[in-house]
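Here are the chains, one letter per residue:
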Amino acid sequence: MRTDPVTLQIFANHAQAAADSMAFTLFRTAHSTFVKETEDFTTGLATPDGMTFASPRDLGATWFIGLDYANAVRMVGNYQPGDICITNDPYSGFVCTHTPDLHMWKPIFWQDELVAFAVSHIHNTDVGGAVPASLSRQLTEVHQEGIRIPPHKLYDQGKLNQALLDVMLTNVRMPEQNYGDLQAQIAAMNTGERKVHDMVRKFGVEVFRQGVKDLLDLGERQARAVLRRIPDGDYFFADYLDEDAPGGVPVRLALTLKIRGDEAILDFSGSDSQLQSSLNVPTGGAERHILLMVGYTYCLYSIDPTILLNGGITRPARCIAAFSNSVTRPPLSRYMTRKPLSSVIRYAMVPSLRTRRSCVPRWRIVACSATCSGVGGGVVALSAASKAPTTAAGGSPCSPRIGSTLKAPSCSTSPPRPVTVRTCLASIACVASFSVVTGAPTTVAPVRAPTEAASDMWS
Amino acid sequence: MSYRIGVDIGGTFADFCALDEATGRLATLKVLSTPQEPGREVIAGLEELGNRFGIHPQDIGYFTHGTTVGINSVIQRKGIRLCLFTTENFVDVLEVARLKMPDPYHLMSKRAEPLITRDRVLPVRQRILADGTVETPLDHASLRRALDQAIALGAEGIVLALLHSYRNPAHEREAERLIGQWAPGMPVFCSSDVWPIIREYERTATATIHGYVQPPVARYLTALQAALKQAGVAAEAMVTKSNGGVMTAELGKSACLQMLLSGTAAGVIGAGFVARQAGLDQVLSLDIGGTSADVAIIVDGTPTYGTGEMVGDFPIYIPTVSVTSIGDGGGSIAAVSEFGILAVGPESAGSTPGPACYGRGGTRPTMTDAFAACGVIGHGNIGYDAVAVDVEKARAAVGTIATGLGRGLEQAAEAIIQVAVSGMYREVGKLASRQGIDPRDFTLLAFGGAGPMLGCFLARELGIRQVLIPTAPGVLSALGGLVADVKNDFISTAYYPLSTAELPRLKADFDGLARRAAAWITEEQKFAGPYVLQPAADMRYHGQSFEIDVPLQLDWIAAGDLERIAAAFHAQHDRLYGHSAPATPVHLVSLRMVVVGASPQPQFPAEPLRTGAPAPAKQIDVYLDGTWRTVPLYRRADLGHGHRLGSPCVVAQEDTTICVPQGFSGAVDAYGNILLSLDHAQIGQ
Numbered sequence: 000m001r002t003d004p005v006t007l008q009i010f011a012n013h014a015q016a017a018a019d020s021m022a023f024t025l026f027r028t029a030h031s032t033f034v035k036e037t038e039d040f041t042t043g044l045a046t047p048d049g050m051t052f053a054s055p056r057d058l059g060a061t062w063f064i065g066l067d068y069a070n071a072v073r074m075v076g077n078y079q080p081g082d083i084c085i086t087n088d089p090y091s092g093f094v095c096t097h098t099p100d101l102h103m104w105k106p107i108f109w110q111d112e113l114v115a116f117a118v119s120h121i122h123n124t125d126v127g128g129a130v131p132a133s134l135s136r137q138l139t140e141v142h143q144e145g146i147r148i149p150p151h152k153l154y155d156q157g158k159l160n161q162a163l164l165d166v167m168l169t170n171v172r173m174p175e176q177n178y179g180d181l182q183a184q185i186a187a188m189n190t191g192e193r194k195v196h197d198m199v200r201k202f203g204v205e206v207f208r209q210g211v212k213d214l215l216d217l218g219e220r221q222a223r224a225v226l227r228r229i230p231d232g233d234y235f236f237a238d239y240l241d242e243d244a245p246g247g248v249p250v251r252l253a254l255t256l257k258i259r260g261d262e263a264i265l266d267f268s269g270s271d272s273q274l275q276s277s278l279n280v281p282t283g284g285a286e287r288h289i290l291l292m293v294g295y296t297y298c299l300y301s302i303d304p305t306i307l308l309n310g311g312i313t314r315p316a317r318c319i320a321a322f323s324n325s326v327t328r329p330p331l332s333r334y335m336t337r338k339p340l341s342s343v344i345r346y347a348m349v350p351s352l353r354t355r356r357s358c359v360p361r362w363r364i365v366a367c368s369a370t371c372s373g374v375g376g377g378v379v380a381l382s383a384a385s386k387a388p389t390t391a392a393g394g395s396p397c398s399p400r401i402g403s404t405l406k407a408p409s410c411s412t413s414p415p416r417p418v419t420v421r422t423c424l425a426s427i428a429c430v431a432s433f434s435v436v437t438g439a440p441t442t443v444a445p446v447r448a449p450t451e452a453a454s455d456m457w458s
Numbered sequence: 000m001s002y003r004i005g006v007d008i009g010g011t012f013a014d015f016c017a018l019d020e021a022t023g024r025l026a027t028l029k030v031l032s033t034p035q036e037p038g039r040e041v042i043a044g045l046e047e048l049g050n051r052f053g054i055h056p057q058d059i060g061y062f063t064h065g066t067t068v069g070i071n072s073v074i075q076r077k078g079i080r081l082c083l084f085t086t087e088n089f090v091d092v093l094e095v096a097r098l099k100m101p102d103p104y105h106l107m108s109k110r111a112e113p114l115i116t117r118d119r120v121l122p123v124r125q126r127i128l129a130d131g132t133v134e135t136p137l138d139h140a141s142l143r144r145a146l147d148q149a150i151a152l153g154a155e156g157i158v159l160a161l162l163h164s165y166r167n168p169a170h171e172r173e174a175e176r177l178i179g180q181w182a183p184g185m186p187v188f189c190s191s192d193v194w195p196i197i198r199e200y201e202r203t204a205t206a207t208i209h210g211y212v213q214p215p216v217a218r219y220l221t222a223l224q225a226a227l228k229q230a231g232v233a234a235e236a237m238v239t240k241s242n243g244g245v246m247t248a249e250l251g252k253s254a255c256l257q258m259l260l261s262g263t264a265a266g267v268i269g270a271g272f273v274a275r276q277a278g279l280d281q282v283l284s285l286d287i288g289g290t291s292a293d294v295a296i297i298v299d300g301t302p303t304y305g306t307g308e309m310v311g312d313f314p315i316y317i318p319t320v321s322v323t324s325i326g327d328g329g330g331s332i333a334a335v336s337e338f339g340i341l342a343v344g345p346e347s348a349g350s351t352p353g354p355a356c357y358g359r360g361g362t363r364p365t366m367t368d369a370f371a372a373c374g375v376i377g378h379g380n381i382g383y384d385a386v387a388v389d390v391e392k393a394r395a396a397v398g399t400i401a402t403g404l405g406r407g408l409e410q411a412a413e414a415i416i417q418v419a420v421s422g423m424y425r426e427v428g429k430l431a432s433r434q435g436i437d438p439r440d441f442t443l444l445a446f447g448g449a450g451p452m453l454g455c456f457l458a459r460e461l462g463i464r465q466v467l468i469p470t471a472p473g474v475l476s477a478l479g480g481l482v483a484d485v486k487n488d489f490i491s492t493a494y495y496p497l498s499t500a501e502l503p504r505l506k507a508d509f510d511g512l513a514r515r516a517a518a519w520i521t522e523e524q525k526f527a528g529p530y531v532l533q534p535a536a537d538m539r540y541h542g543q544s545f546e547i548d549v550p551l552q553l554d555w556i557a558a559g560d561l562e563r564i565a566a567a568f569h570a571q572h573d574r575l576y577g578h579s580a581p582a583t584p585v586h587l588v589s590l591r592m593v594v595v596g597a598s599p600q601p602q603f604p605a606e607p608l609r610t611g612a613p614a615p616a617k618q619i620d621v622y623l624d625g626t627w628r629t630v631p632l633y634r635r636a637d638l639g640h641g642h643r644l645g646s647p648c649v650v651a652q653e654d655t656t657i658c659v660p661q662g663f664s665g666a667v668d669a670y671g672n673i674l675l676s677l678d679h680a681q682i683g684q
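Respectively, the protein sequence lines represent chains A and B.
Numbering-wise (numbering that gives the first Met the number 0), the first sequence opens with residue 0 and increments by one.
Numbering-wise (numbering that gives the first Met the number 0), the second sequence opens with residue 0 and increments by one.
Source of the hints: derived by calculation from the structure; they are not laboratory data.
Every value quoted in this text rests on a predicted model; they were computed, and no experiment measured them.
Just to be clear, a hint being listed does not mean it is correct.
Below are the EDC-like pairs computed for lysine to aspartate or glutamate, each with C-alpha atoms no more than 16 Å apart in a straight line [claimed, not checked]:
1) B:Lys99 <-> A:Glu36
2) A:Lys212 <-> A:Asp48
3) A:Lys35 <-> B:Glu546
4) B:Lys77 <-> B:Glu36
5) A:Lys152 <-> A:Asp165
6) B:Lys109 <-> A:Asp57
7) B:Lys109 <-> B:Glu94
8) A:Lys158 <-> A:Asp82
9) B:Lys99 <-> A:Asp57
10) A:Lys35 <-> B:Glu201
11) B:Lys506 <-> B:Glu562
12) A:Lys257 <-> A:Glu286
Residues on chain B that point at chain A, a partial pick, calculated with CB under 8 Å [said to hold, decoys possible]:
13) Phe338
14) Gln417
15) Lys429
16) Leu575
Just the calculated beta-carbon pair ranges, DEER-fashion [to be verified]:
17) A:Val248 <-> B:Lys99: 29 to 39 Å
18) A:Glu140 <-> B:Ala580: 28 to 38 Å
19) A:Asp155 <-> B:Thr399: 49 to 59 Å
20) A:Glu112 <-> B:Lys99: 31 to 41 Å
21) B:Pro345 <-> A:Met74: 40 to 50 Å
22) A:Glu112 <-> B:Glu337: 26 to 36 Å
23) A:Glu140 <-> B:Gly153: 55 to 65 Å
24) A:Met74 <-> B:Ala558: 51 to 61 Å
25) A:Glu286 <-> B:Asp312: 35 to 45 Å
26) A:Asp155 <-> B:Ser544: 25 to 35 Å
27) B:Tyr670 <-> A:Glu112: 45 to 55 Å
28) B:Lys99 <-> A:Ala129: 30 to 40 Å
29) A:Glu140 <-> B:Gln552: 50 to 60 Å
30) B:Glu337 <-> A:Ser268: 30 to 40 Å
For each residue, glycine too, the CB sits at the ideal point set by N, CA and C.
Modelling step: build the complete structure from the supplied sequences, incorporating the hints.
Structure (structure tokens):
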């Protein structure tokens, strides 16, 4: 790091202010229900290479820390002031989790030099396709999930590409909502641009360039320090999605977390291969795709809440996600396996962090709906001890497929005492921070794959 | 002789402002507050007013006061034991809330336990639909069952919050009547009475807090009225409101929800008064005390209002002067991480032990210690002689982190100030984005014990060019109560498009609001003077799910001028969000009416213009902007109208210290306010 530490902290505060201001601008102006009710959006600042270095802390989806726009950024190229780029295609650029996630990025120049990108995404209410809102587990091809826009300039030096906009708006069910969301994203990115210009004026362009690098480096150093506190070893956990398609078979998600010094390997070998239904996660083969690392980020942060939430923290980790895997395999279709994935990571980290004495009940998440973790979601948790199903009430309480899979009392009306997602997850993190605080050696055997246990419970 | 008295009771001090109506002179006073025995400090302060200024109870013609009894009941969880009755199958409303976690990235983040725990939320069988029609009539047996259960659970009051009661309150009213028959004397709070807004959680949460604090607040006000009467104060007691207005204490007993955030609101009203006096209308008010730092925005002379302001852990959704906490104030602790990074806060030394330099056992460096180590404070007592500053203790505390930073002691102290200021910049920037303003168009009005110390530094960071330091920065809330208008808000749910077809309905709804508002101010408040009606509407584009508050004008409504109304919305949308869509249909969510009966505004006499330069009390050494400098220290009392200040310099007064770094120059106005302006050469840097 070359920036003096006091200046770097001040710089970090300014970068954070920019990302937060972008988020507030977007949040108040967006039209999508997903933004208003579940904050399914993000804003941020990225390096000229496309690595996110500032993300909002108070608002928005929490899984985009360190999202790498590099592929998408390269696919457009030749950036000019006034450009605004757009994509919603999960299979080109690999920034979009699914078709309704419309990502945009705007180059920010200082005296003809590209110094940063303002980035943002909104989960649009609908982008066309076979069903309203575009997503359904019935679908078998990505082409059924609505219009796909590969990375392109929507604005070229400030001039709107009307043809691209017309094609998009013609192919969606509620064009005025998509248009409103586009405007909200543009307003947010303009805010980001203004803030970056203020920063360059305040710190000078040299300090700005170096400060961005140093923020990422500091995040990396902080993450390595956290990883060093976890004993070396292989930690294994597996979990199952209920079905790969309606009436289908369970889908296995397996993770061996390998801690080696200050590095982590997230090895997803043993997970099931690509699915027929829309539950795939395209990563483009990236070793550090943030959709595979959400649980990693949460765990690091829960152990050390002073950690900078930026792309630097992903550097000490890499993922092994084999090709014949539900986790990465290319086209066909996709939806969201992210949430269960993140819980697999969290659970893999539990034994690595557990103390010998723990009074924390063991919970197992058997199903989750896809909403932003910051806002919660419909989750069913089973206490391994009592087998009593407990629901966390969510925006959409419990989907029918959960009720039909579990032979348990229906959870959609008058549930037993509700717990939130966080109540379950907190028990894990609680164990985690315990051991970090006490430094107790961890000799607990890895958690076994719950195959038998799960089928016992459900039979 | 007649005096107007404003009192604001905070956690540590109760502030008094006494205005002599004949001369316009203002006397101020602080006494220690008595949280164990609320109201006693009021009597103590009245006695002190008599002793020090010869102001006697029978001379008091007007008495307003703000109290923290309500908000403390929530924070300390000392309200009454309530049960909540909801529509069957909606009993999780308080637990589910809006799902959001306080720290979304932290796996251990938890929401505060609701004021009514889940076991005390009971279902009632009934259903009213969104259009107000009854789908399932109120089932008396289920209501009876819920009531019996509530009584068995020891309920001291019942909150009724049924679905869509903002649209049709019939079931809440019927249930209230039945509960009155079955359990006479049981307090019942209907969500449709408390604040009938759309959105189930928001309405329920607001009604819950109201029910929770109402009995203790009513008890307190009754006791206060008796104490004032006994002390010989004939004037009817008034209380300040979260909306920046005042109402009678008598009404406060039932409308106590409206008093919860009155202390911070009154501070902003006081700030607005001072700003007007100084001829400023775009102001960021910055109140930094020992344990909190709060910002509010005054646009065109009017404070910004918001809903969803926090009362302890919980939001309330009534119109409230919007005040945002941006940190912990002078007690924020500085620490260096293992990576050599300096952080200030969120940990705070609070008021106990407080900063190390207060000599009450604190050893870790705080923002206040940083200023002491730099020589800015410690030249006299602060806080009305309550605290002496021990500079050596401050230097020792700052010394503990200087090594870790690899800096000298003063450089470390200055780094603490810079980092703290950049943290405040971050929070103010966020607030500005939420409100759609550019701080550079504003004057920073700095008050509270630490505000004048930090004001210029934060202004530099934000690109603000002017900083105003009021004459009495410690008692703005009390002053605010004194100048606040009699004011109330009325709301009715609309939920129809802004269209010619709906125009008769729009007019009828506003007429209804106007009648209620007029009745409130003339009959309930017995307000004899002229009053103003200010209509507004919460509007949004068709398809949006958040509305914005758009001020309207009575004559637009009377004339049925839909274009003017729509134009006002588009303009407001553009101002807040940077874009508008004039071709998109506009939706009315709710209609509002504010009634304002103006209080007489004090006319402070202008001070005579002084000539010559002010005389510094002494020269002191301070470390500012990277070097030790010898600068003049002025006593505030020695500064008068027309005096000019160069920079750098320090001004000390009884309740605060003003730090003027290089690049600012100051002028004292006719009312004693100091306006510090960034010199032209510094702008843009």
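Verification of the supplied hints:
Between Lys99 (chain B) and Glu36 (chain A), the direct Cα distance comes to roughly 10 Å. Compliance with the 16 Å bound is thereby established for this hinted pair. With a C-alpha separation of about 11 Å, the suggested pairing of Lys212 (chain A) with Asp48 (chain A) holds against the 16 Å cut-off. Note on Lys35 (chain A) and Glu546 (chain B): the hinted pairing holds, with a Cα-Cα distance of about 11 Å set against a maximum of 16 Å. Distance hint between Lys77 (chain B) and Glu36 (chain B) is fulfilled; the C-alpha atoms sit about 14 Å from each other, no more than 16 Å.
The straight-line distance between the Cα atoms of Lys152 (chain A) and Asp165 (chain A) is roughly 14 Å, inside the 16 Å bound, and the hint therefore holds. Taking the CA atoms of Lys109 (chain B) and Asp57 (chain A), the gap is near 15 Å; set against the 16 Å cutoff, the hint holds. Restraint check: the Cα-Cα separation between Lys109 (chain B) and Glu94 (chain B) comes to about 11 Å, which is no more than 16 Å; the hinted pair holds. Note on Lys158 (chain A) and Asp82 (chain A): the hinted pairing holds, with a Cα-Cα distance of about 8 Å set against a maximum of 16 Å.
Proposed proximity of Lys99 (chain B) and Asp57 (chain A) is supported: the alpha carbons are some 10 Å apart, at most 16 Å. The straight-line distance between the Cα atoms of Lys35 (chain A) and Glu201 (chain B) is roughly 15 Å, inside the 16 Å bound, and the hint therefore holds. The suggested pairing of Lys506 (chain B) with Glu562 (chain B) holds, with an alpha-carbon distance near 15 Å, which does not exceed 16 Å. At most 16 Å may separate the alpha-carbon atoms for a hinted pair to count; Lys257 (chain A) and Glu286 (chain A) meet this at roughly 15 Å.
The interface hint given for Phe338 (chain B) holds, since its Cβ lies 6 Å from the closest Cβ of chain A, which is under the 8 Å cut-off. Because the closest C-beta pair between Gln417 (chain B) and chain A is about 6 Å apart, less than 8 Å, the hint holds. Hint status for Lys429 (chain B) relative to chain A: holds, with the closest Cβ pair at about 5 Å, below 8 Å. Hint on Leu575 (chain B) holds. Least Cβ distance to chain A is approximately 7 Å, under the 8 Å limit.
A beta carbon spacing of about 35 Å between Val248 (chain A) and Lys99 (chain B) agrees with the range 29 to 39 Å that was offered as a hint. Remark: the range hint 28 to 38 Å for Glu140 (chain A) to Ala580 (chain B) is upheld by a beta-carbon distance near 35 Å. Between Asp155 (chain A) and Thr399 (chain B) the beta carbons are some 56 Å apart, a value that agrees with the proposed interval 49 to 59 Å. Here the CB-CB span from Glu112 (chain A) to Lys99 (chain B) is close to 39 Å, well matched to the stated 31 to 41 Å.
Between Pro345 (chain B) and Met74 (chain A) the beta carbons are some 41 Å apart, a value that agrees with the proposed interval 40 to 50 Å. The hinted window of 26 to 36 Å between Glu112 (chain A) and Glu337 (chain B) holds, with their beta carbons roughly 35 Å apart. The hinted window of 55 to 65 Å between Glu140 (chain A) and Gly153 (chain B) holds, with their beta carbons roughly 60 Å apart. Range check, Met74 (chain A) to Ala558 (chain B): Cβ separation about 56 Å, and the 51 to 61 Å hint holds.
Judged by the Cβ atoms, the range 35 to 45 Å given for Glu286 (chain A) and Asp312 (chain B) holds: they are separated by roughly 42 Å. Under the hint 25 to 35 Å, the C-beta atoms of Asp155 (chain A) and Ser544 (chain B), about 32 Å apart, fit the expected range. Separation of Tyr670 (chain B) from Glu112 (chain A) is about 50 Å and conforms to the stated range, judged on CB atoms against 45 to 55 Å. Separated by about 32 Å at the C-beta atoms, Lys99 (chain B) and Ala129 (chain A) satisfy the suggested range of 30 to 40 Å.
Under the hint 50 to 60 Å, the C-beta atoms of Glu140 (chain A) and Gln552 (chain B), about 56 Å apart, fit the expected range. A hinted range of 30 to 40 Å for the beta carbons of Glu337 (chain B) and Ser268 (chain A) is consistent with their spacing of about 35 Å.
No hint from the list above goes unmet by this structure.
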